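Q: Residue numbers (UniProt numbering), protein chains in the order written: chain A, 1 to 396; chain B, 1 to 380.
Hint data in this document are derived by calculation from the structure and do not stem from the laboratory. Mixed in with the good hints, there may be bad ones.
Unchecked claim - Listed below are the simulated DSBU-like cross-link pairs for lysine-lysine, each with C-alpha atoms no more than 30 angstroms apart in a straight line: (1) Lys-374(A) x Lys-310(B); (2) Lys-267(B) x Lys-374(A); (3) Lys-264(B) x Lys-284(A); (4) Lys-284(A) x Lys-374(A); (5) Lys-267(A) x Lys-310(B); (6) Lys-13(B) x Lys-238(A); (7) Lys-180(A) x Lys-257(B); (8) Lys-328(B) x Lys-308(A); (9) Lys-150(A) x Lys-110(A); (10) Lys-150(A) x Lys-238(A); (11) Lys-391(A) x Lys-310(B); (12) Lys-374(A) x Lys-328(B).
Said to hold, decoys possible - What the simulated footprint calls covered on chain B by chain A, stretch by stretch (three residues with Cβ under 8 angstroms from a Cβ of chain A suffice, anywhere in the stretch; the number is not a length): (13) 2-11; (14) 97-107; (15) 174-187; (16) 242-249; (17) 297-309; (18) 374-380.
In this text the structure is predicted, and so the values were computed from the model without any measurement. Glycine included, every Cβ here is placed at the ideal spot set by N, Cα and C.
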Amino acid sequence: MDLAFTKEEQTFREEVRQFFRDNVPPDTRRKMIEGRHLSKDEMVTWWRILNKKGWGVSHWPKEYGGTGWTPVQHYIFNEELQAHPAPQPLAFGVSMVGPVIYTFGNEEQKKKYLPRIANVDDWWCQGFSEPGSGSDLASLKTKAERRGDKWIINGQKTWTTLAQHADMIFCLCRTDNNAKKQMGISFIVFSMKSKGVTVRPIQTIDGGAEVNEVFFDDVEVPVENLIGEENKGWDYAKFLLGNERTGIARVGVSKERLRRIRDLASKVESGGKPIIQDAAFREKLAACEIELKALELTQLRVVADEGKHGKGKPNPASSVLKIKGSEIQQTTTELLMEVIGPFAAPYDVHGDDGSNEAMDWTAQIAPSYFNNRKVSIYGGSNEIQRNIIAKAVLGL
Amino acid sequence: MDFDLNEEQRLLKESVDGLLTDSYDFEQRKKYMAEKGGWSKTVWLKLAEQGLLGLPFAEADGGFGGGGVETMIVMEALGKALVLEPYLATVVIGGGFLRHAGTDAQKAAHVPSIIDGSRTLAFAQLEKNSRYDLFDVTTTAKKKGDGWVIDGEKFVVLNGENADTLIVTARTKGERRDTSGIGVFLVPANAKGVARKGYPTQDGLHAADITFTGVEVGPDAVLGNPEDSLALIERVVDEARVALCAEAVGLMDESLKTTVEYIKTRKQFGVAIGSFQSLQHRASDMFVATEQARSMSMFATMANDFENAKERSNAIAAAKVQIGKSLKFVGQQSIQLHGGIGMTMEAKIGHYFKRLTMIENTFGDTDYHQRRVADAGGLV
């Protein structure tokens, strides 16, 4: 047992860190620190820089453009990326549909889609949740009917993140109504520009509109857009959701935020002195840092395990990552709220497009707190995670 | 970076687990508890036979040169089996002082008899008002000729009732809460002027309140610098905290396992109560708490080798915070999920809860260590 990173790993960390310092556009970094939303252009620009370096799809197999890094290297890369901070690669393409395509797709599909995912030539979105199918995803109703050489798709998806930017969607559709609910689902990809696709933004409590409703009205999709086998979509969806076990903890994100809290707390005053000198606040901050350290260690245990024993059998500790990771992210946004106190109130009436530089960015703290309530809901709510632990780990 | 045990460590784990599986089930434990002194000499000699009492000592001193990971393995196993024998007091703490500060002569005088199981030790540190501050010492050691005269009162000295040798912190200079002027002394438990009042503790172990009245010891009783040994005390107590973290992980593992088994078999409303989601989620949260504790126990074990004493102490304090929070949750919920039966002396779960609870209040509780981490500038 040895906690220390090897010399090679430390050198790798330096290399990664230096690359981010030299290449992340400063404005992008600033906006992320301030909790502002980035424009599509800003994100795509950065991802193409990353892709040019060969790090756009780092965890893919080498033959499709991956790096061949060890799990520890991936961990270091993600931590540095989150801590810089810079936008993480677009999960919908790079972490979700990409691996499904290179694992279950045919050669033609791999050739057609993978390079475009890597370079974000297509922006992908995820068509999973429906108004009546949240945690009970397998009950989904969006229908794909085979007609000649086409699928005809009808139905509605919701919570579709950044669908307003999307060129492509990967969609779970019901293709067999008579089978058991998990058995009649297929994994179909198609263009968001298709006739019959309507995107309607959902305004969230933070005032943003990063999620959408997406409607399909007799959308025609070529039959070859089915990935893998018909009616096997549920298996691919499970594969997709189980694929990214360790990134979900977002340790780097919380670390960066805690540093920011410490920094702010040494400036903002309470009782005539910086709030960091308030013992109660300081202890609360320390408590969060300790929880994060425990989570970081838990994550490293999972990462080291994958490095040694492969990804086949997940370490039971991995189910801890989503629950604790999301709780800690939420705590950090609460602490920010506490630091800023009454100045959490002013509403950023000019929007957060960065056009009003004079606007005190503290206006983003409350929206960020509101927005972060989502992290214990998405990706399988924390209650679903507890079901998984009870069943898969404890055998209840 | 590697969290796996190496081959030797795996063998150690197998051997200690095997020994305790054979000789330490809950019924056997009750018998040991009823023996003179409250623990089993036979089991202690078995631990000696397997080399466990010599584990952390250098090979030159007759030990096995084991490190932090080896101690973690043993403490986890001892926790899992709810062992009563004074491993922490004798091997981890007593042995720790000898390893870190003992002269060759002191080691020669004490270590072989620790390793063969014939001598146990106790650390007489806590005072009436010192609480968790290791530097808060009013017991005095005054120079007399070559030697020293010790006067004062120590409380809740773990294994103090049975120990052959006491390791006593005493002030040689300065005021009550000065960080300098503290010495550490080896005192034979049967020395003239030592009065021990022994009693069982809440978790079934044994301790003593000890009064020192004009206790005379020779120059060979001094461990380290008699006028400046706080760093030594902190070093050894940090090791004790790390060991307690590992013991707590073993206790939590077994508590969770026992509780999950119970709710799988206990039926109400015609079904196993473990089929109810509210109980499943509670058990899942216990699992999360246990894993977070395990991570920090490993962290503390490795931090124990940090060269920078401040970083070491800060990391170990952080671990004690996580362990304190986890053990409270796991302990309390184990009782809750057992229901009425969890309230009885007859069921083993309550005994795990009690030991966990006592660990929380040993060498600094959660609040104490959280404050230390906060005052040290945090952990990011």
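Q: Checked against the structure, which of the hints given earlier come out wrong?
A: 1, 2, 3, 6, 7, 8, 11, 14, 15 and 16
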